[in-house]
Structure formats: structure tokens, C-alpha cells
Amino acid sequence: GQQVMQIPQYQHVQEGEDFTTYCNSSTTLSNIQWYKQRPGGHPVFLIQLVKSGEVKKQKRLTFQFGEAKKNSSLHITATQTTDVGTYFCAAQGYGQNFVFGPGTRLSVLP
Amino acid sequence: DAGVTQSPTHLIKTRGQHVTLRCSPISGHKSVSWYQQVLGQGPQFIFQYYEKEERGRGNFPDRFSARQFPNYSSELNVNALLLGDSALYLCASSFLSLGETQYFGPGTRLLVL
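Chain order of the listed sequences is A and B. As numbered in the numbering used here, residues 1 to 110 make up the first sequence, in order. As numbered in the numbering used here, residues 111 to 223 make up the second sequence, in order.
Okay, chain B solo, but in the shape it has when bound:
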């Protein structure tokens, strides 16, 4: 079975632009979480979705939004990009919601110039 997939793998944007990142969870997994990992730091929780509903939100501004589709894939959207948004964006899938093992995808490396 395929693991968690994310697209694109790399992305370069300029300040003020908008970006959409995509994630496909492991088949059968219903929960997707998004994390931001700045170089040299641990992943920071952004959102969790389970059965298409938002179940958790981290301390990120409203410029960040996400959604989960009926097939359990997910999108993370970031508006009005700032230089500080440059990071590795990780998607993690789990079978159920809280307390489950999380399987991370390879991430999308976003560079904002």
C-alpha cells in the first residue's frame, strides 16, 4: 500500500501570493493533520481533520485554512504569504482521530521570497 503522499514536493512563491498544498492519506485512514516545520525546529500543529470536520486548530493566523474531502484527502491553503511562512509542511494521516499513530508524508518545502 502507498504511504502518505503530498504535492507538490517543492514550491517557490513570493510575498503576498497564495498557495495550496495537497495530501492523500494512507488508504483507510480517516484523519489528516497538518504541521509546519521550520528549519531546525520540531513540527508545529496547524490543523486536524477527521471525517471531513475540523477537530483541532493550532496557534496559526486565519491566513491558514484547510479542508478534507469525501475521499479523505486534504488541502492546506495559505493566503497572503509572508517570508516567515517558508518551511516544510507535513501532512500526517492516522486511522482515527486523537491518540493514534501518525504516519507522515514526505512534506512540501515552501520557500517564500
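Only chain A is shown next, with the shape it has when bound in the complex:
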């Protein structure tokens, strides 16, 4: 079956530093979604990427879909304490259901 990996598992940064998490799938994807889950909360949708090589930006967040549609990244510029949480990618193969990665837990030290 489809395998989805994320690295790193944990990331501790000083406020103002940048942060990047990577998501890799064992199979070619139709699309990939990113979610943020705050401690004690539920996943909240951030973005969906569909096209090969697609790059989307949301304020300080930049999302990228790989050319081969098997990997993706989320980059946060100048982290803030409000960025704390776990970031999940959810990968969907063609005609398949979404498979969530294990997540990257981000902590931001003020």
C-alpha cells in the first residue's frame, strides 16, 4: 500500500527562524493536502496542491509540490509562537483515499 513519510519528526526553532517540513510518498499522487493541528485540537486544512511543480503561498507559508508528484514541502518564514503545532501532509493517489503522514511537530521558543 501507499506509504507516506514526513521529516523531521520534531523541530524546535527560535522565534523568527525559518522552518521546513518534507513529505514523501511511495507512489505518484493525484494531489496532496496540508493540515495543521494545534495541541488538543483537530486538523485544520491549510492548502491543496494538484499540479506538478506547483508552488502556493499563504503569507509566511510556502507550499511546493514536486515535479514527479511524489513529494511536497511546507516552509514557514520567520516563525511565530502562533505557528506551534503539528503539520500533517495528506497524500491522495489516483482513485485512492487520503493517507496522512505521521506529522512534524513544531515548537517555537519565544
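Some clues are possibly wrong.
Reference excerpt, derived from the structure (chain A facing chain B, CB under 10 Å, subset only) [what the hints assert, rightly or not]:
(1) 43
(2) 90
(3) 102
Now the stretches of chain B that chain A is said to cover, found in silico as 3 or more residues with beta-carbon under 8 Å [as the list claims (entries may be wrong)]:
(4) 154-163
(5) 211-219
I should point out that these hints are in silico values taken from the structure, not numbers from a laboratory. Yeah, the Cβ is synthetic: ideal placement off N, Cα and C, and Gly gets one too.
Given the coordinates of chain A, assemble chain B onto it according to the supplied hints.
Same frame as chain A, but now just chain B:
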């Protein structure tokens, strides 16, 4: 408009018991998916229902079952509970079926003793 709602918010059961979890999707959404999230892990797909029909099933035993009602609300049933069933059970609704943005509810925290 209200978001996805789930009930109950918390539940404590003992091994061997049965549990029913409920979910109401966002108004107008016809698809409901269920996920199990064990502490420290990503959500694991259990079921998807669209227009009252099962459209997807994850790698879970037959003790897990679900259904969707004409008003698009959904129930997840788990029989013969095991300690390992302790988790956060998330419901996600989307307008259509595959490939759509999923809106998650707050979840039901199930503890099996």
C-alpha cells in the same frame, strides 16, 4: 454556518463493550470520512461515505462499521472494544467525494479501560 459536529466529546468504555460515535457534516456536504488518531500519530483512514454509500474502507477489522443517513449525518460503530482502540476519532466532511478539502470536527476521545 456550523462546522462539523461530533458527539460525544469524550467517552470511557471497558474492554468488550460497544460504542457508537456520531457526526454531523457541514450543511450541504454529502461526504463523511472517519479517521482514527492515536496519540502522537497522524490520522488513519477508517471509512468514507458519500450519498449514503460506502466509498472507501481503510485497513481496520470488521469490528468497525459505519453508516450514513439520509440527512448525511453518520455513525461509527465499534464492537468488542480493545485497549488499542483508545484514540481520538475524527469525522471529516467534504462537499463531494474524492479529492475534496476535508473539514474536520473536534473529534471524540475514546478511552478503553
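Each hint tested on the structure:
1. With 10 Å as the threshold, the beta carbon of residue 43 of chain A comes within range of chain B, its nearest partner Cβ sitting at about 5 Å, so the hint holds.
2. A hinted interface residue such as residue 90 of chain A counts as satisfied when its beta carbon comes closer than 10 Å to some beta carbon of chain B; here the least separation is about 8 Å, so the hint holds.
3. For the restraint placing residue 102 of chain A at the interface with chain B, the shortest Cβ-Cβ distance is roughly 5 Å, inside the 10 Å limit, so the hint holds.
4. Coverage of the segment 154-163 of chain B by chain A holds in this model, with 3 residues showing a Cβ closer than 8 Å to a Cβ of that chain against a need of three.
5. Only when three residues or more bring their CB closer than 8 Å to a CB of chain A does the claim for the segment 211-219 of chain B stand; here the count is 7, and the claim holds.
Checked against the numbered hints given earlier, this structure breaks none of them.
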